[in-house]
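J.: Each chain, letter by letter, is given below.
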Amino acid sequence: MAVELLERVGELLGDAVIDSHARLGDATVLVDAGRIQEVLGALRDSDLRFNVLMDLTAVDYLGRNPRFEVVYHLASVDTEPHGTDPARLPHRLRVKAGVLEDPCEIGSATSLYVSADWMEREVWDLYGIVFKGHPDLKRILLYEQFEGHPLRKDYPKERRQPLIGPLN
Amino acid sequence: MTEKLEILRQGRDSFLTTKIDAVVNWGRKYSFFLYPFVTACCGMEFMSAAGPRYDLDRFGAALPRFSPRQADLLMVVGTISHRQAPILKKVYDQMAEPKWTVAFGACTCSGGPYNNYATVQGIDTIVPVDIYIPGCPPRPEAVIDGLVKLQQRVQATPGWNKPHHKEIEDLSLPIIEKPLP
Ligand code: SF4
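Sequence lines, in order, name chains Y and L. Just so you know, numbering that gives the first Met the number 0 puts 37 at position 38 of the first sequence, and the rest follows in order with no gaps. Just so you know, numbering that gives the first Met the number 0 puts 125 at position 126 of the second sequence, and the rest follows in order with no gaps.
Incorrect hints may appear among the rest.
Claimed, not checked - In silico lysine-lysine, DSSO-like type, Cα no more than 27 Å apart, as pairs:
| hint | chain 1 | residue 1 | chain 2 | residue 2 |
| --- | --- | --- | --- | --- |
| 1 | L | 88 | Y | 137 |
| 2 | Y | 156 | L | 88 |
| 3 | Y | 137 | L | 89 |
None of these hints come from the bench; they were simulated from the model. This one's a predicted model, so the numbers in the text were calculated from it and none came from an experiment.
Please construct the entire structure, taking both the sequences and the accompanying hints into account.
T.: Pasting the structure below:
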């Protein structure tokens, strides 16, 4: 199932796919970060119909180049009763895109999926990855005056932000 | 019967003398109106302590008020994040005197298991605290013990009409949302 899905995704995306693997029934593609909007748009609008962005997060691989990876989990949830066509069965795909430390940015998925809005704000808040084209990219979990991005591996975990009393 | 009426008429059996501190504090300690500021897992234990099995009602702390203006006991229950800190401070400031604060659980006493960038390391860095109840989460027995200790403290407070909390100075909490234009 995952292997077939990867074949179809490979046909659809062509040379935007850098790498792919299917493990334990989950399909993953690594794509060109510069073309992320084009990739997500194609996946959403093709007959694979990835109409739900379930999750959007990031990973910091400190010391690797590119340092960050933004991870998208897409799902196809069919709103019509599905027949026997395998392309219309519910399926999932993990899309990854490498992001450099500088410039630390990638295209925003908000124009394609509304659910990307808050998830991209969270990734910006905790990893400092800028989503170009996001309508309102500001912190969501921490406060405006917070300095740094605490889920980066080089953020000192003992560091205290002095705003809330001297001990905090 | 006539004998009793005679006693009442003379006023021999119908008054007592006390100190106003003592009688006001006695009234206060048995009629806490608590505001549960519940943010995390300790809330489950709070529900258990307040529910019929352990029954905080027995100690006069029966009715949770969900407006700080009607409450005199602020129960801070659960982890307070930096983002939550200004809200807690605001709720505390909205309560009218006399008011008391209980730190319920390890998180509110000291930050508990969360020694990190996001968690307030003890709510006493933001608001004055009267009673600390340790435990992660505290058992209902510990909560009741804390409540009884608070009652003793209230009874022993001199000056019934004076504010007894010392405000925490030098506090600049973050502004979370910009004020509306
Ligand atoms: S003290 Fe323990 S149980 Fe209570 S809020 Fe903190 S982590 Fe949860």
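J.: Each hint should be assessed against the structure and marked as holding or not.
T.: Status of each hint after checking the structure:
Taken as a hint, the residue 88 of chain L and residue 137 of chain Y pair is honoured in the structure, with Cα atoms around 24 Å apart against an allowance of 27 Å. The suggested pairing of residue 156 of chain Y with residue 88 of chain L holds, with an alpha-carbon distance near 26 Å, which does not exceed 27 Å. Distance check on the hinted pair: residue 137 of chain Y and residue 89 of chain L sit about 23 Å apart at the alpha-carbon level, within 27 Å; holds.
When the structure is compared with the earlier hints, no violation turns up for any of them.
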